[in-house]
Amino acid sequence: MITAERKPLEELIEYIKPFKRILLLGCNECVTVCAAGGRKEVGLLASGLQMAMLKNGSNIEIRQHTLERQCDPEYVEELVPMIDSADAVMSMACGCGVQQVAMRFKDKPVFPAVNTTFMGASERQGVWAERCQGCGNCLLGLTGGICPIARCAKQLMNGPCGGSTGGKCEISNDVDCAWQLIWDRLKALGLQDRYLDIIPAKDWRSGGGSGPRKIIREDLAE
Amino acid sequence: MQNSNTIETQNNKVLVVGGGLGGIRTALDLAEADKDVVLVDKDFTIGGLMTQLDRTFPTNNCDLCTIAPHLSESNRQEHIELMTMTSVENVAGEKGNFSVTLKTKPRFINLDKCTACGECFKQFPEFVRFSPGLDHRAPTCMRYPQATPQAFSIDLDKCTDVKALVDVCPAGAINPDDMPIIREIKCAAIVLSPGASLFDPTPLDYLGYATLPDVVTSLEYERILSASGPTSGKLVCPSNGRQPKKVAWIQCIGSRGLQKGAGAYCSNACCMFALKEAIVTKERFQEDIETTIFYMDMRTFGKDYELYLNRAINEYGVRFLRSRPHSILQKDGEDDLTMTYTMDDSTKQFEEKFDMVVLSTGFKTSDESRLLAAKMGVELNSDFFPVTVGLNPVVTSKPGVYVAGTFESPKDIPETMVQASAAACMAGADLPKYDKKPAEESEGVRERDISLEEPKVGVFICDCGENIGGVIDVEKLVEHAAKLPYVAIAKAEGHGCSRLSMANIRQTIEEEQLNRVVIGGCSPRTHLTKFQDLLGKAGLNKYLVEIANIRDQATWVHSGKPDEATAKAKDLIKMAVGSAVKAQPLTDQSLPMNKNVLVVGGGVTGMTTALQLAEQGFQIYLAEKSDKLGGLAKQLIKTLEGDDVQAFVGDLITKVQNHPKIQIFTRAMIVDHSGMPGMFKTGMQSGPQMFYRQLEHGVTILATGALSNRPALYLLDQSAAVRTQLETQKYIHDNPQAVKNWENVVMIQCVGSRTAENPNCSRICCQNAIKNALAILEINPEVRIFVLYRDMRTYGFQEEYYQKARSKGVIFVRYDVDSPPSVKAAGAQVDVTYFDVILGMKITVTADNLSLSTGMIADIDSTEELAMIFKLPRTNDGYFLEDHVKLRPVDMSVPGFFVAGTAHSPKLIRESVTQANAVAARAQTMLAREIINLGAASARVDSNLCAACLICVRACPFDVPFINADGYSEIDPAKCHGCGVCVAECPAKAIQLMQFEDDRILAQVEQLFERINA
Amino acid sequence: MEKFEPVIVAFCCHYCAYTAADMAGSLRLPYPSNIKIIRVPCSGKVDAQHIVTAFEKGADGVFVAGCLEGDCHFKSGNARAARRVEFVKKYLEEIGIESERLEMVNMSAGMGHRFAQVATEITQKIRNLGPSPVRTTMAQ
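Protein chains in written order, with my numbering: chain A, 1 to 222; chain B, 223 to 1236; chain C, 1237 to 1376.
Chain A on its own, in the form it takes in the complex (with noise of 0.2 Å):
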């Protein structure tokens, strides 16, 4: 899933400081799993706000919606019939979310209200790790289901750097080294040969860099 983490209220009340009456959307995807903008997490937003704007000496008007999922259009059209009581529109949804609306209503300001951090798993409740960084070309294959792109600091492809100590990575103690995870596992595997495998140097044109990507099934789409 799309993690992501709510901006510091300070930030969040720049935005709004001109606006009257905020549309504040949540989405009911990722965010509300990782508690970071679903109902729940606009409810509390909405009446931090509302407080944090009152001290400030202005009293703001805050609607509050959450759609099913703010990264199709079809459930943004949903905020039709609420647009044109909003002076601005903040977003809880990641940065897909926060485009989508702010394409679909041109004439509004739109504001994201979270920092889309990363894809990430759950390790355990309220604690998300960072799994993917959708490179369009997915190695696990070779590295024991353990992502080198994602979760080793230097994206090294063929085995740790000199920094790995006892299976910690060098810029934290709280980070495995991702190569070691990956050779525990081959290993486990019985599958160490891999490991001699060369993987050639990353051909990052699918990772984004040759610009934004798009997928088009051809069978679907019209």
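There's no promise every hint is true.
Heads up, simulated DMTMM-like pairs for lysine to aspartate or glutamate below, C-alpha to C-alpha not over 20 Å straight-line [stated by the list, open to error]:
id, chain 1, residue 1, chain 2, residue 2
1, C, LYS1325, A, GLU5
2, A, LYS55, C, GLU1334
3, B, LYS597, B, GLU316
4, A, LYS55, C, ASP1307
5, B, LYS468, B, ASP422
6, C, LYS1311, B, ASP510
7, C, LYS1311, B, GLU1086
8, C, LYS1326, A, GLU11
9, C, LYS1325, A, GLU10
10, B, LYS903, C, ASP1307
11, C, LYS1326, A, GLU5
12, C, LYS1239, B, ASP785
13, C, LYS1311, B, ASP894
14, A, LYS55, C, GLU1329
15, B, LYS783, C, GLU1241
No wet-lab data here; the hints were simulated from the structure. The model shown is predicted, which means the values in this text are computed figures rather than measured ones.
Once you've looked at the hints, dock chains B and C against the given chain A.
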């Protein structure tokens, strides 16, 4: 007992004689266990003495409102036939098949027609004076607003104009031609709980009770304090109507053989009664009033009672004088009373003035109940109380006839409640066993569909006597409530929980077609169920009611500031209305009841309960921590009364071991626990291998006992001459020859009890000392025995053994807590030095034996661990804390848990056995059910909103939610415990906890601030 | 300016603090009338939103009262509540409301005295802090 279907024999009933607190408890326990009861009372309404009390110790709670729901439990009526104004004429037959003739006096009012409107009372108010002299009674007397039956009665002899009286009744309920009715009923067992009378001090002219109006009995004082009393709660001297400045209590009037006609026994409850009255008086008037208690020994031996005494001394400044006053006089020309008394450390005679003197009169059995006993063939002792089986005090000399309450022996409310339940257990066991009738489809009121209606709220505000109405103006609250949004009607409702008010509310709901109800009254903890039932009867879903707790949260705690209390009560009502508007109809969940019972603790208490319940056919798991059954009682030889404890315990163990329905686990340790009342799962390791198994059971009984205390004081464990009382008893038994050579024996009381570390009284030690002293004298009549004590607490009939010990020459010397005796080793003996108050000097006795009354302490390790596992509350000193100290003394606050024996507080074997039987009766009230109602407070998922994020699945403490095949979270309402944790964590706000929905909570918040923003 | 009397919302667990408040009632233990109780089945039921809304609507203080540590009727609701209260405290600071206005307290059902004491202390603390900034601006 192979009877399959219902057998409609007539003798499958229990007759309960006496509708006081105890009789009601017995009847309710039996009824709830699906047993039929006939409850007779000679009075016009049931309730007994309790209904005359203002507040009760040790919480100083006005318990009338807690007992009121007990009195009018309507849903139990199918098993209880209530006959008031009825007495027993004659009894024939034997256990299992009694035939009883009952006579009902005419009430002159048709109960079916009387609406208790009070019109007759209004028109003909004062015909007759009501004893005890301070209450007024009209010909149509209803003593308090929650009375059962809720109808008036008429004393036709005193009525001068019968025609006018008949005409005044709008319901046409008055029938001057009413006749007495004689009826014969068959029953299998009889429980006598006719209560006791109070000693009449009239003949004691030196106390002036007959001549001086300001000398009153403690019950009369109670009536003066009571909001429903003759002075409406104003404390005034009866002689001149002025508020007294100095009030004195004299203890032991009619008790301890002190006065002419007094009982030889101690009346047990009077010390606490006087303490309560003094504290309540101080509480209300503080510096304006002085309270003095003249006493011989303060006998605060009950659970946490010592703390109450300490509060009276330290917090309230009640003055205590150890003295028996000589006389009360009113000198010529004086208003106040002159009391003459001496003190034990003085030879002088003191005179002191008081405005009022309260005589703490003791209990005695009435002539009527003595006659009743004679009719029953129940033998009475020299004090005219029933002779009972030594180790089971509810069993009389007549098989099938049981006693409970103050008729058995003088006692206070909790002990009455315990005995009442124990009697229910014993009597219930005498009934023929038969399969339960299939529950008849009750013709319930059809629930109105309100789904399309706008909220239409009715607000009903109680004055609760003085409790609410005495602090705030209820009418103003009503006016305020009437203006709130969606409120269609607002009314003042007197005692909202009285039957009359309940009927009014119901009528208003029906007439006005209300669809939400708000009660402004007391705590939903005690009264929500009652009002929910009411809504059901009025055709509304029971979850459409909300209670604003304006009594406990406003008038009781802000009584000194009526304006603040009023403002807060308004807020609370506003919040409740806000919440009620959002309330939705809900359906209860239910599950089958597991009928197995886990009994924790294999001492006398645990074994007794186990055996009683096993006899009723329930499967028992008996878990004992040690490797054998018997508990502390295994160390006891005889009781004070001479019962053979070893034989008793041995017999009990054999029975328990051989019972097919009892499975015993020794060396058992409870390790985990889950589930809910009626379907618990408890994990236990037991046996030498610590084998783990999980037990499924519906009820849990805690009988884990207490420990014999052993503080390192007075050379205990350092000198061979120093023993605990428990060791002394064994030593006397095993070494009579050595005892014969003793010259001096000293006993020290309160060793390790009533101290800063262990503030409570251990209850058992005074009688223990007497028991051992008498046993020593039996062997060696020449020995000198000194008992050094603080207060001799030989309550009830123990007093007579105390007097016997005194008459046999045992020397009782009081010591002060500030100057305790000191002990020095002197070879094989010890030198005990104490200060003798009367001689005014220190005395040293060289003792061959020093017995320390070390009493009991809670088994803190066990109770702490069990309290953690089972989530149960404990007292500060580590005993399990019951749900209600007065009215539910063996029920724990968590339904399905019960406590008995010394795990509850220190007590004697007979008292433990009584509690064990009581618990068996209480447990049966649950075990008799086929299903457990789980209520409606469960979490509900809105599948449209659910993001299947798993947060609820992870957050639930009981692993209930799961993501179902349709891809959203599902919560089984039968498994949901209703905590609401998932609701608070759900990031999609897809879950709501029924009854506590977010919009209801937020509505309360919003309503609260409505005014501030306006 | 007239004497400031704060409004304090107390979210009280049915099994402990609510019962303790009843106990304070039956013991007639006075405490400031500023405390307004909302009954919840467990302190773990108290949503961050409930607390924030209370402040938004004008509360000067809020406390969440749960069972003693380890005594939660529902295992760990009180511990969750404590974590949530910490989270909301940080959020309040972000908003510009003193986090001292929010507190988590623990007590058992038998602690009528403690309830009255906590209610008194918290009221005093909030009195000293003065009206909540939200309420101050709302009034303007």
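Hint check results:
Taking the CA atoms of LYS1325/C and GLU5/A, the gap is about 18 Å. The hint holds against a cut of 20 Å. Proximity of LYS55/A to GLU1334/C is assessed by CA-CA distance (about 13 Å); at most 20 Å being required, the pair is judged to hold. Between the alpha carbons of LYS597/B and GLU316/B the distance comes to roughly 13 Å, so the proposed pair stays at or under 20 Å and holds. Between LYS55/A and ASP1307/C the CA atoms are separated by roughly 40 Å; this puts the pair beyond 20 Å, and the hint is violated.
Straight-line distance between C-alpha atoms of LYS468/B and ASP422/B comes to about 24 Å, which puts the hinted pair past the 20 Å bound. Distance restraint check for LYS1311/C and ASP510/B: the Cα-Cα separation of roughly 49 Å exceeds the 20 Å cut-off, and the hinted pair is therefore not satisfied. A threshold of 20 Å between alpha carbons decides the hint, and for LYS1311/C with GLU1086/B the separation of about 16 Å falls inside it, so the pair holds. For the proposed pair LYS1326/C and GLU11/A, the alpha carbon gap of about 16 Å is at most 20 Å, so the pair holds.
As the CA atoms of LYS1325/C and GLU10/A are separated by approximately 16 Å, the hinted pair is consistent with the 20 Å bound. For a cut-off of 20 Å, the pair hint linking LYS903/B to ASP1307/C stands: about 18 Å separates their Cα positions. For the hint linking LYS1326/C to GLU5/A, the alpha-carbon distance of about 15 Å falls within 20 Å, and the restraint holds. Annotation: proposed proximity of LYS1239/C to ASP785/B holds, straight-line Cα distance about 15 Å (limit 20 Å).
Between LYS1311/C and ASP894/B the alpha-carbon distance is near 12 Å, which keeps this suggested pair within the 20 Å criterion. The suggested pairing of LYS55/A with GLU1329/C holds, with an alpha-carbon distance near 12 Å, which does not exceed 20 Å. A C-alpha spacing of about 14 Å is found between LYS783/B and GLU1241/C, which places the hinted pair at or below 20 Å, so the restraint holds.
Checked against the numbered hints above, the structure breaks hints 4, 5, 6 and satisfies the rest.
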